[in-house]
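Asks: Residues per chain are reported as follows:
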Amino acid sequence: MAESVSAGRSAREDLVVTLEPGGHGLKVELESSVSRLYGQRIMEVVRDTLGRLGIRDCTASVKDQGALDWVIQARVEAAARRLDPKLTAEALPEPYRPLPGPVPRDRTRRSRLYLPGNQPDLMHGAALFQPDGLILDLEDAVAPAEKDAARILVRNALRAVDFGDCERMVRINQGQRGLDDLPFVLPHAVHTVLAPKAEKGADVAAVAARIRELGCGGRVWIMPIVESALGVLHAYEIASAAPEVCALAFGAEDFTRDIGAARSREGRESFVARCSIVLAARAAGVQPIDTVYGDVEDEAGLRAATEEAIALGFDGKGCIHPRQVAVVHAAYRPSDAEVVYALKVKAAIREAEAKGQGVIAIGAKMIDPPVVARALRVIKQAATYGIDAEGLEAAARTSAAAAAADQGAGGGEEG
Amino acid sequence: MSIVENALGRRVPTLVNGRPQVPFAGLGQHPPTGRKYGPPVRHNADYGNDKRTPTLRAALERAGLKSGMTIGVHHHFRNGDRVIVPMFDTIAEMGIRDIVFAPSALFPCHEPLLKHLESGVIHHIEGSMNGPIGRFCSFGKMRGQGVLRSHGGRFQAMQDGELHVDLGIIPAPAADFFGNANGVNGPSACGPLGFGLADSVFADHSIVITDHLVPFPCIPWEIAGQNIDQVVVVEQIGDPEQIVSGTTRITRSPTRLLIAEHIAQFIEEAGFLGQPFQAGAGGIALAFVGFLAERMRRAGVKAPFARGGSTRYLVDLLNEGLIGYILDGQSFDLAGVASLRDNPRHVATNPFTSYNYHSKGNIASQVAVSVLGATEVDTSFRANVVSHSDGLLLHGIGGWMNTLFADVSILAFPLFRNRIPIVVDEVVTCCAPPELIDVVITERGIAINPRRQDLLDRLKGTTLPLVSIEELAAVARKVCGKPTSPRRDLDRAVAVVKWVDGTVVDTIWKVEE
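Residue numbers (our numbering), protein chains in the order written: chain S, 91 to 505; chain Y, 969 to 1481.
A few of these clues could be false.
Dumping the calculated DSSO-like pairs for lysine-lysine here, alpha-carbon to alpha-carbon at most 30 Å [what the hints assert, rightly or not]:
(1) Y:1109 to S:117
(2) S:436 to S:455
(3) S:237 to Y:1446
(4) Y:1109 to S:153
(5) S:434 to S:445
(6) Y:1446 to S:153
(7) S:153 to Y:1428
(8) S:290 to S:153
(9) S:117 to S:237
(10) S:470 to Y:1428
(11) S:117 to Y:1428
(12) Y:1446 to S:117
Just so you know, these hints were derived from the structure itself, not from any lab.
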């Protein structure tokens, strides 16, 4: 007979489940910080989960610190799978709301917030900080011995947690383990898979192939993360390895180690690499996305780093703490002048279309296609920030008219 | 004992510890009558200038302490108090029993009192009960019934003669042999000493206990020696590190910071920027002041005063000129203590001036915005601050009831904590009339009491996530699940909650163990 096994963490909003096989029927022993309010409910959930997994005879000891139902279900299932590695049944929680459909490939991706995949207490509030994307991380944030449990917890979170309007991202593991992560999470409305430590096109192609095998082709995007010298040299190959690639991200921490440098505040050691990522991504028609900023206390440093990323051409920045999201978004806010100019470009496009002209111009100045593309992006961003573009335009017209009138009046006096 | 329904529809006993009670009659509906209580008149001829007695035991004997008497004490030493537990050990040694203990608050360091509650040295507690002592009372093990009062309510009760204190114990960080005392000097400096003022004024007999005797006169004398019978000098009255923290720190919890940002934005958009506010040392209370200060700087306005709990953050605002005065009830860190001692714009207040409802006005009512916590709030804006949803007593009222009289009182908290929802369908214990709860601010939305249409009007077009209180309760229920109702004996009142006017606002019922 198998030994008893445990799963879960002794931490707030989590629990430790120990299953001891044998005996007759299901027995549940509970210690909980909320036993007076939820003791009955927790026992029910444990029994129900074991029943759905087809486990008949065992004793479950639960030490709970206020875990929600979906966490209890995940920990019971993780323990059950450790008890019986051949188990394939899943005990899925009810979705918080109907699971969302796919997102567009070129969705706004200014910020993406990492959430450790085996830590439930950080998950349910994460969407409140309104990052463009939330990453449930199965890779670096999860200890090797907990990879199995994190898969199940992340799967349950994808169903039972309200992630609002955020892009639902999962960072899978490297190599075969990452491919094995996919069947757990993909059926539960993952928008984008982050493939870490991509070094060649084949790494990404393998992820894409597995996504298609699982019937999610064309609905789930891939964001490879380049984190090594070899990856940087193969950046274009990686970015163009599959039509599912939507963005190419850079990971400075591992990259810096890989080239034998130390990570500095100003990031000179990764300057060429970051430029290479931008070039490769743009050449492949995907979004370049910058690395995370590590010092969560240093808002000014994050702001400066984000401004630099914008200047280099990155479309987004990684966040490791919810408080970083607003700082990144503020840096990406287009200036009023940019919005007004973008609106002028848009008007020029309309005018050219109306006249059937191939050339777009503002006054005598010709506008190149990249400028047009950028203007359209700025207008879209302005909408994201709730900037009243038309109001700005009107104000700009008024002030221009006023300036003209002032000049006129001055001229009159002089005369 | 019979049980009646009060004006809030809560079932309350008409007798507590054998004394008749007035059920809550509605906000402002129970005007006091008669004259204030007065202590016995004393005679100079019985007192020397040097009032020192060598030991606490000798002082207690000289005070004539007997079984069944009531002892009052302040809580300015918070978790660093080293007076109360040894005092009860001494009282037990003296063979005295059935003491009514009336502290202004209790802390985890007072857990050893359990043995004196179990043995009957302490008959019951009038004040606050939390931790293991709260559980002891909740399970119906206390000999008498508990009486829970706010800081202002304790002064009201002593002033009105409702709470008679035989012996007032006043631990003091600095004192002279005559009994003048303050809280700003000495190794156990705690800041203001105002919570001990009522004990000095109304107790039949009062004893100052200090570990820092200074030559007469002890200046400032927040406690006046003319009201003091005896002075006892001991080795140590407190653990300085537990009395005030070296430095208070703003929370790092992103959820609490988000709530604090919501509060600051609410205050500005509702038109209260630059008006007096109440500050504190809790995670959210400390953080919102920082965000508020940013907005005051941007708008170029300053507030005429802020009510403390003072901390270094509030002191910084005073020194920057963003607030005109700190009117301080208690200091939470060393910077608060130093500022109170050295800055004439940082002034100690006591619950008579700050909170007493049976008086000619108080300072708490002049505050525009107060930000408070709660253990539960329900969809009728009834709020609980003393018990958890499982019915167990876990918190003192503190100044909570008193500061609800601000123009806008905000209850702010995460919508749920460790699975326990804070916004619920029905509170277990109701600690205030719902018309005093104006706004509930959580990370998942802000609910304004529909009675405050004026606030709703001012916030038209806001980007703040305004929702109904029912929506908040529904989200909490959806995420956490519906909790089971606590199993309580609804015939067995183990404690009552007193409103600021001395009436009984709700009952703590015995919880099944």
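Asks: Work down the list of hints and note, for each, if the structure agrees.
Replies: Here's how the hints hold up against the structure:
1. Y:1109 to S:117: violated (33 Å)
2. S:436 to S:455: holds (14 Å)
3. S:237 to Y:1446: holds (29 Å)
4. Y:1109 to S:153: holds (28 Å)
5. S:434 to S:445: holds (16 Å)
6. Y:1446 to S:153: With Cα atoms ~23 Å apart, residue 1446 of chain Y and residue 153 of chain S stay inside 30 Å; holds.
7. S:153 to Y:1428: Outside the cut-off at roughly 47 Å; violated.
8. S:290 to S:153: violated (45 Å)
9. S:117 to S:237: holds (27 Å)
10. S:470 to Y:1428: holds (26 Å)
11. S:117 to Y:1428: violated (55 Å)
12. Y:1446 to S:117: Roughly 28 Å separates the two Cα atoms, so the pair holds.
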